Structures are given as structure tokens and as C-alpha cells.
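Participant: Line order of the protein sequences matches chains V, W, L and S. Everything in the first sequence is counted per this note's numbering, starting at 1 for the first residue and increasing by one. Everything in the second sequence is counted per this note's numbering, starting at 333 for the first residue and increasing by one. Everything in the third sequence is counted per this note's numbering, starting at 665 for the first residue and increasing by one. Everything in the fourth sequence is counted per this note's numbering, starting at 997 for the first residue and increasing by one.
Derived from the structure by calculation, the hints contain no laboratory data. The structure presented is a predicted model; accordingly, all values stated were derived computationally and were not measured. Every residue, glycine too, gets a C-beta built ideally from N, C-alpha and C. Among the clues, some could well be false.
[Said to hold, decoys possible] Only some residues are given here: those of chain L computed to face chain V with a beta carbon under 8 Å:
| # | residue |
| --- | --- |
| 1 | 687 |
| 2 | 876 |
| 3 | 877 |
| 4 | 907 |
| 5 | 909 |
| 6 | 915 |
| 7 | 920 |
| 8 | 937 |
| 9 | 942 |
| 10 | 945 |
| 11 | 946 |
| 12 | 952 |
| 13 | 953 |
| 14 | 954 |
4 protein chains.
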Amino acid sequence: MIAVLKNSATEDQIKGLINWFESTGLRVNESHGEFCTVLGLVGDTTRVDIEMLRGLDIVESVTRISEPFKMANRKFHPEDTVVDCGGVKIGGGHFAIMAGPCSVESREQIIETAKAVKAAGATLLRGGAFKPRTSPYDFQGMKEEGIKLLVEAKKETGLPIVTEIMNPDHLPLFEDVDVIQVGARNMQNFELLKELGKTKKPILLKRGLSATLKELLMSAEYIMSEGNENIILCERGIRTYETYTRNTFDLSAIPMLKELTHLPVVADPSHATGKASLIKPMAMAATAAGAAGLEIEVHPNPSKALSDGAQSLTFDQFTDVAEAVAKVRSIL
Amino acid sequence: MIAVLKNSATEDQIKGLINWFESTGLRVNESHGEFCTVLGLVGDTTRVDIEMLRGLDIVESVTRISEPFKMANRKFHPEDTVVDCGGVKIGGGHFAIMAGPCSVESREQIIETAKAVKAAGATLLRGGAFKPRTSPYDFQGMKEEGIKLLVEAKKETGLPIVTEIMNPDHLPLFEDVDVIQVGARNMQNFELLKELGKTKKPILLKRGLSATLKELLMSAEYIMSEGNENIILCERGIRTYETYTRNTFDLSAIPMLKELTHLPVVADPSHATGKASLIKPMAMAATAAGAAGLEIEVHPNPSKALSDGAQSLTFDQFTDVAEAVAKVRSIL
Amino acid sequence: MIAVLKNSATEDQIKGLINWFESTGLRVNESHGEFCTVLGLVGDTTRVDIEMLRGLDIVESVTRISEPFKMANRKFHPEDTVVDCGGVKIGGGHFAIMAGPCSVESREQIIETAKAVKAAGATLLRGGAFKPRTSPYDFQGMKEEGIKLLVEAKKETGLPIVTEIMNPDHLPLFEDVDVIQVGARNMQNFELLKELGKTKKPILLKRGLSATLKELLMSAEYIMSEGNENIILCERGIRTYETYTRNTFDLSAIPMLKELTHLPVVADPSHATGKASLIKPMAMAATAAGAAGLEIEVHPNPSKALSDGAQSLTFDQFTDVAEAVAKVRSIL
Amino acid sequence: MIAVLKNSATEDQIKGLINWFESTGLRVNESHGEFCTVLGLVGDTTRVDIEMLRGLDIVESVTRISEPFKMANRKFHPEDTVVDCGGVKIGGGHFAIMAGPCSVESREQIIETAKAVKAAGATLLRGGAFKPRTSPYDFQGMKEEGIKLLVEAKKETGLPIVTEIMNPDHLPLFEDVDVIQVGARNMQNFELLKELGKTKKPILLKRGLSATLKELLMSAEYIMSEGNENIILCERGIRTYETYTRNTFDLSAIPMLKELTHLPVVADPSHATGKASLIKPMAMAATAAGAAGLEIEVHPNPSKALSDGAQSLTFDQFTDVAEAVAKVRSIL
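Turn these sequences into a full structure, and let the hints steer you where they fit.
Facilitator: Rendered as C-alpha cells:
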């Protein structure tokens, strides 16, 4: 970390600041220029509150050289993390496809879908039981009943299940869930993250609508700092001014995150684009970019889906996508 | 609501859709063009799931004519809502200044600040007890102890208090809090919103970092639909590519929201700009734009503040801002 | 195009508006609802000024059903356009790699690079002679001299050349240039677009930093409406709040544009990411997403490049990328 | 400027780099830390190409301490610049209102408007003759004829005139124009900026749709570095995801720019909001934020305006706005 001090800083002020840094265990390199004094801080700077430092009268600017995330940082943990999701591995070369409906709607719907996506090559079943919806008047999910139906589908097909949590109080309902998803709108629900950190469950952490990669990694750090290292990051599109697509799919995030962290990174082309016709090319692109897996919405009858119908694939469309993705995997 | 159907829709499909709309209590106007059929839906369309409609095979596009929010909609509630915050009114011409430190740090700090901001003209005391921080390694607030100190400061000065909630389980701790703040990162924490809707407490709902005005109003609708209409909206800056300021202060949101809703709208120039030197002009601008109040960070010694020091005002600076704001109020 | 009129519109006003539409050659379907009157406009609505319509007192909202671009619209021209670039075809299944330095710096540099990229599989040579730089103090390109060196490199290697124009007055200098590039900052320099429309040269039109896909297509329409249909669109990253990458590479734009237009769409992973280490995965991803070609920065010694060094590849790195891209092409 | 070198940099490489900096006239402070070497560069760093530096193998990161703009920088020119616009001063406490139609449409329209806005308190007349429109099919302005009508209106009323240029070749037509406007889409049309720098005309430089404040100032620097210091900056809204307003009016840009530069800063609430009903509160807000002037669209009959009707004011509305703005001015 480098702090540039203003020319107006007195020698006493500078000494005071250096003493304070040293009292927190950091070593300080001092360099005096014509216009400013530069302090280089050496040691564990993740615990330095950069905003507080910037607030000091004598500080002109502060730049981090090392990243503020530590447990998620590839620098300190060079090997890929492999997350075991009910027997299916993700990361470290293991590739997974999580497929299923946006919302669980009925026993028939989820079991039929589970069988179809398994046959097409999916390795996990996804389905929403608790649904975060912008409007209180929209369908909010089947809740506890939805989770039960997912568990039934798991028994029927053997596919581990992925479903979203919205409230730490619901955790007991997730006992038989293999991967707990944190949705984009809850990426900075720190109270939820801390509670998930106390479990050992694999967590699928989706990037917030306007979250930076650094913020995504800091949210992973919240979970990890409580003891749970089973985290899968998910790029699912960010909000921009473009309106043809529902979101803007930031695919560069995949290789960029892979440089920054050892955690596996998957991609969700369904939410990212919001358009069924774009999912095949974007699933292939995400795979080519190095994703460790994909999350894809599939529904027996997309035009009747209670949520997100516009972006769901039919069984046949999904089979086609899974084959195309397998081809891309074959050349990597 | 207007649904444009594709030219490829058969008469049977169109009839089926119309029947379905009518079964939900809507009336349907049909109009046939060369390239498409247009259905105009009349009635309470807030309960129509626009995403599901867009997912139907035969639908080209769907446009809302009436807004999806109903209880927050000025059209159905033309008079300004006035929220009583422990005796201080906001909205309907009543203007309030909420001032205080980003975080409560000590008994001395909060009481000294409460006295100073009251003397300068503030009508509510703000202070963070539970702090949502991007990093798990940053100061997380004094929590329960912080709320107790705020209540002490209220007893000492008579100022009603505003503080942020992060977890519905903490609600019992907020009994003596006059206004419960929902932070930007929790604006779409729907579980939290629903619980707050079951109280009668005034809620200060801050706009999310990349929330549209419609989403902000839908989040208010979540609270209102549970029975709590005491909501104050707050513009606090949105995330853009500009880096000189911490966020981009979307001041047009103030008059725009006032057209759309009857709820009072306040502004937070401290978080919006992140720079102490910009707070005076932007507080004046927000007032001139028609804000019903301001939320401003004040600290006895900003350069030692444990969070957000860079954007906090000293007591003298705050006095200067409050006087300038009063001048703007005098000409409105 | 659908115009929704306010309830307050009088019969006379509505008749007046309908008469005006009909006088411009459109047919009008009228539909009366409880809250509004809906006019469906049938015919060539590309010439209707939507902003003017929205400004009318009696108009509530206006929605385009058909797109405002016509010559670029796939609906009216279903077959892929193939652009012949000095003998190299782009579009309709033809894939091209344009490689070379950001700026032409010397005879040796450009000829050495041309030979190297040709050997590695590039089919066109790119190089900047006129450079749009944010700062007037940065290197502005070798200008006329740079174009001469590109032409020499073309003679030496047979590779057609691509280079950027910034001023219509420079057109005579571009006589031997095979593809004229319009940079992101000039995407809405309409005076330049009109002049390029009067030539028959292939135009590589790069998406502006915050241009919508619709705006990109309207800029293509500017060129086409003057008579030049040899246009290649280029996605090169858009501006968002994310800072790890130079821009946000909107890869969904590739399949989306392919639905909307018959013009070929290529991608520029170098500018989109700004990081050499991300170019290989993103070049593969863009290819998998269906790009008709790639534009990639290559330099004999990237760390000495006079502009954009951080994102340029060495010859060896480029060879590796070209091979990986060829593998992706082999499975499409 | 501070360059942080990688730990892997050899002593010879570091010496080589330092020699190179010194050869360009800079002085270098060297500081060695455990993880990196830090070079502090002292002197005129505006001419250092930061991108090139970042591209060097041995460089980890580069941070500017001083801004890259020099002539526009308030640090080197602390007094406010006052621009004389045909006798009307802007900046240094002088406040101006530029009002008039988006497009000049007829002799009658522009002269009637000029008289009305003058009577209401406007000090300059604005009107578009060359119109940059997204669609080639929209009205492109009256061009040369439009400028002639503006000059007539100036003779009739004495109001200096402001109108937009799109092509440097048109400069001879602007001889009698008092202020030449550069539109948002041309803010980085560097060829145009350079030509305007060779004149002595006041230039109204509008911020690009997604331009940072730094880029706006670098564009001003382009004009100034050619010899023309008569520049007025204009905040006119930036592009974000919000759709209720046409753009997002970044009012914080006004006080922020006033800290960074000595050039006057005005605001355009008409383009920023795109809604007539928002112009009064936002004109007042911009004035309270410290703008040196306002640009406002006024039209005798907004609903018939050939462009931007939705955001134009009637004469009566403008009078009301001008009075409200005068009240705000009276308390500053």
C-alpha cells in the first residue's frame, strides 16, 4: 500500500502517522519528493481501512498494491480450489452444467425437467424455491414446498441440487440442498454471507448487478473468513445502458477472476442475456473463455413458465446447447 | 398495458390469451394491424407478470402504460404523504436535516455531535450502529451498544434518531429508534423489507447503487403492501464510470420521484459525492431541486473517523451548510 | 409504431394527428380504451421522428415495433452481407483476423510485424497512422507517413490493410487502404460517416464507448443511406464502472447484432480488455460467440510500444492465439 | 507521478528506466521496499505517456499525482477565467442564460423566440443550425440558412448567438456566431477541437455521453494547446441505466470541475433530463450548485418542435424558470 502525503504535512504529523502504522505491525518505507512524501507500507495491509486513511488531513492519495482480499487471493493460494457439490466437482479442470427451471412450479415439472437435463448432460439440477422478485405482486416461489420437490427430483435422478437462499433463518430448510445459491441482489447482504460462512455447504455466489470484481471477491472473503471455503463465483451479467439484452454479460470477468482468485468461476448465460436465442452462442463463448461451469434455465414449456419464461430453453434446445458446449470443451 | 402480438399468432391463440386475461379480471381491447395485433389491457395490471407475458411465443412486446407500483403511486394518492419521525415531520412541505456521524464510535463522540448538530439546525440525529462494509476486515460498527448510545444522545438532546438495520432478527433492538434506515445494499433484500412492512416505524429507504427509480418504488411497495406506509425515499448517488466523485448524485431523481409518488424524497450528499468539499453546493442543489430533507455526515474530528472520514463535515462546516440550506429554503 | 394518446386528448386533436400521419403515407389503426386511445401506425415509420411525437401534448408514449434502421435490417435483407476487403472476404461464413500494431512506428516495425502476423495466420494487417488520443500531449501517430509504410507492408506481404480515419479531408490519403476504420470516438461523427458513405471502401465501424446496438446500427445506416453498403461492425468493449479491465467486452452483442442485421460483426479483444493476458481466452470466446473476425494488437516489442503497449501481444503470443482461434473455428 | 516497479525488475532495468526519465527532463526519487521499488517522478509529467509506461515489463502500476491537464488546471491558474461572449461575460461570478429552440425552423420562429427569451431574462440566444441526429432520416437542421436566421435574430434583439458546429470545414459560416458549441457526440472529435483551437471564438464544450471529467478537461486542453483559451464547459447529463430521465444529470460535476479548473462551467437541464416538467427544479439546482450559466431549450410551440419537443419550454414556462433562477442567484 502506498500513501502519498501532502506537501503541507509537518514532520511531526508524518512521524505520528508512521508510528501508528508501525504499531499495527506494518513496516514503513519513507521517500521525500519535491511535491510530496511517499510512504510504502509493507506487511498485512488487508486490515488497513483505506477510507479512514484517505480521510486524514495530510493524505493526498492512497493506492493498494496488494489486493484487499486475502483468503480468496490466488497469490497466497496458487492451486485451483475444487468444490465438491454432492459428488460433482467444480473447478481445477472439472466442468459442471447446472440446469433446470427458474422456479419450481410442480412435482411433475421439476421431475420431468430433472430427467431431461440429466439425459442431455447436465450434472446438477437448479430450481428456485425462494424467488427474489422486483415486485411484491409477482410469484414469490413455492418456498419450503419447492425445496421438498427438488429433493424428490434429486432422489429420482441422482442429480445434486442448487437453490437460492434469501434469509439466514431459512438455513434449516436447506439441509438436503447440495449447493446454496446467493443471488445477485444479496451479494452484499453481509448478514446472510456471515451465516453461510458458518456452514460447510458449497455456496454459489452470484455477482451483483453493479458489483465490481473486487467487491465480488470481498463478498467471498466474508464467507471464507467465517470458515467456509467452498465457494463458486458466478458471472451473470451486469447492468448497463444497453436494452436489447437483459444485462451485459461480462465474459472477461471469467479469465480476469481466474487470475485473481483460486475459486472456480461459472457463468449464467440465461440471466445475463435474458433471451433464449442468445444462450447457445453465449454458453459456448463462456466455456471457451474458461468457465468452470454453466447455469442454464430449462423448462418443459418456457412460454408458460411463471418467471423468466423469455430466457428459458426447451429440452431440445438445451440438448443442442449441451452438445455444443461439449464440443468446445473437447478442444480446450 | 399494451401487448403487441406477432403476425404469426393464430386466431385461436389470440382468443386463448384474451380469455386468460379476462379470467384475471381485465378487460381487453383488440386492434388488428397489417403487421401485428395489439391488445390493450384495462384494469388492475399491477398483478400481471410482465416477464411471463414476454415469454409467450406469440408476444412481440409488452409495454406498461400504468406503473407497476400502486400504493406508492401518486396517481392513486395525489396528496403528499407526511411521515412523523418521533415528532419531526418529513414531506408535504416539512423539511428535515438528519445529521451525525457515519458510525457511532463512543458515548462522548455521539453526544457531542448530537448537541452540535442540533445547535446548527439539524432536526434528527443519524449514526450507524450496524455498518455494512465491503470488507469483513473493516470496522463493522458498535452494534447493540451503538444503538444504546444513540438513545442516550436522543434523551440528552431531544433529537429523534435514525440508524440502519441489516437483519430482520435485530428488530427488537430498534424499539427506541425513530427512523429505521435500509441501506443501498439492502434495497432489494426483500425478506428485510417484508419484516419492516409489519412494523409501523418510519423507514428511510435508500436507493440501491444501480437501482432504477422504478425498482426503488417497487421496494417501497414491498414495505407498503405489508401495511407500513411510513416511508421516506433517499437518493444517495448511483454507480457510474466517473471516479472523481464516489458516486454520481442523480438529483433529477428528486423532482422525478415527486411526480411518480406521494412519498417524501430526501437526499444524502455525503455518500453521493464522498467529498467534504462538495457537500455544501450539493446540499443547496438538492434543496433547490425540491428535496424534503437531507442526510449529512458530521463528525467531531473527521480525519479520525473510523469510517467515511473523507466525506464527513466538522461542526463548523455543518453549521455553514445548514445556514446555506436555510437560505435556499427561504426562497422556495 | 404504436402511439398511446392521453385520455385528455380531444376528438379533434386525435383526428388532426391521424390526418397528419396519413399525409406522410402511413396508415393508422385506431383503438379506444378506458384510459387511453392507441394508434397503430403501419408503413415506413423509419422517417417518423419519435422525439417529436413524444413531445406532442396529447401523446402519452410511443413505442417502435419495427426498428428505426432499414438498410442494415436483417428483416429486409435476410442473407448475410459479405464484404470484400482487398480480396479477403468477411461475413457469410468467411472469417478474418486483422492483426498488427496499435500505431505504425517505423518501416522496420510494420514490415516485421506484417510478416510475422501473416505467418501466424492473420489475413489483414492493421496499424494506426492517425491516432485519436485522449491527451494532446500523447503521440498522435505518424499520419501520412504511417499510411505509406502500411502500403509498403502490404506490397511486401500481400496482406490488405486496415487503418483509422479521423477527418473526411484526409480521404485522398486512404486511396490504397483496403478497409477504413472509424474509431469508437467517431462512431457518431455524422459528417465523417456521410463522407465515407460516398465512397465504396469497406468501412470497419467500431461501437462507441457507450453506444447502444441501435445507435451502432443507425451509424451504419448513415453510411449505407449515402450508398456504401460495405460495412463491418466491431464490438470493442463498452464503458462501465468495472476497472480491472479497460472496458467491458459485450460479447452478447455479437449474436444479438447477427439477429438484427445482415452486416458482418467482428470483435476486438485487445481494446475491450486492455490486458495481454486476457486476449487468448476472449479471442476464443468471441469466435465461439460467432464473430466474423477478430482485430488484435501485435507488436514486435510490446513493452516499447508508443501506445497501448499493455494490451499488445508478442509474435509468439499471437501465434498461440491464432492457433487457439483456429481450433474453435474447426468445431463451429 | 509514481511508478511502482515489480520485484522481478533487475538493477540494470531500473537504472535504464531512471536514465530514460531523466533524459526527458524529470527528476526521479527512488525508494526500495520489500515487495517493490517505487519511483517518484518530479517535473512536467503531462508529457509522460502513462499507457506506454504501464506496458513496460517491469512496471506494476503507475499513478498520477498531478493531473494530466495543465493549461486547464486551476493549480497553475488559480483565478477564474472569464469568457467574453459577444459582450456577455461568463465565469468569475458572471452568470448567463442561453435560451432558444433546439433547432432553428423558420425566420418567424427564431425571431419570436429571441424576443421572448430576452424579455424573460436570457442573455444569449441558442439555436441549432447543424443538428447531429442519431438517425439519418431525422431532420438535420437548416444548416447555413439556419445560421443566417440566427444572425438576423441577433441583429433584431442584440442577443449574442450560440450554435453548434459539426465539421471544421464549416468554420467560415460561423464568422458572425458569438459562441461555437461542440456537442456531446463530438467532444472527442480531436480534429474538430484542434481547428477550433486555432480560432479565438468562445467554445461551449459539452461533456460526452460517457466522458469522465478528466476526459472533458483533456478535450478542453486540446483546444487550449492550440492557442484558444475561451472555453466554457457544459454538463448536459451522462448515460446510465436509468430510463425515466433521458440522461442522468451529474450536478456534482459542477463544483468538482470548479475545483479542478479555472474555466467556467454551465449546465443544460433540457438535454440532461429530457422532460419539460423537470427543467425548473433542475435549473434551480444547477444554479445553487454554482453553475456559471444555463442552456435551456425554449420554443414558441414545443409540441410542434421538429426536434426535442418533449424537453422544450413555452415562453411562459421559461419566464417562470428564469425568475426562479434569479431568486436562487440572489442568495448566493
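Participant: None of the hints should be skipped; say for each whether it holds.
Facilitator: Do the hints match the structure? See the list:
Contact between residue 687/L and chain V, as hinted, is not supported at the beta carbon level, the nearest pair being about 32 Å apart and thus beyond 8 Å. The beta carbon of residue 876/L is positioned within 8 Å of a beta carbon in chain V (closest approach about 6 Å), and the interface hint is therefore held. A distance limit of 8 Å between C-beta atoms decides the matter here; for residue 877/L the minimum to chain V is near 5 Å, and the interface restraint holds. About 7 Å separates the beta-carbon of residue 907/L from the nearest beta-carbon of chain V, less than 8 Å, and the hint is met.
Residue-level restraint check for residue 909/L holds (minimum Cβ-Cβ distance to chain V is 5 Å; threshold 8 Å). At its closest, the beta carbon of residue 915/L sits 5 Å from a beta carbon of chain V; the interface hint therefore holds under the 8 Å criterion. Proximity of residue 920/L to chain V holds as hinted, the smallest CB-CB distance being about 5 Å (cut-off 8 Å). Nearest Cβ of chain V to the Cβ of residue 937/L: about 5 Å, under the 8 Å cut. The hint holds.
Hint status for residue 942/L relative to chain V: holds, with the closest Cβ pair at about 5 Å, below 8 Å. Here the hint on residue 945/L is kept, as its CB sits about 4 Å from the closest CB of chain V, short of 8 Å. The beta carbon of residue 946/L is positioned within 8 Å of a beta carbon in chain V (closest approach about 6 Å), and the interface hint is therefore held. Interface hint status for residue 952/L: upheld, as the beta-carbon distance to the closest one in chain V is roughly 4 Å, under 8 Å.
A cut of 8 Å between beta carbons decides the hint on residue 953/L: the least distance to chain V is about 4 Å, and the hint holds. With 8 Å as the threshold, the beta carbon of residue 954/L comes within range of chain V, its nearest partner Cβ sitting at about 5 Å, so the hint holds.
In summary, the one numbered hint that this structure violates is 1.
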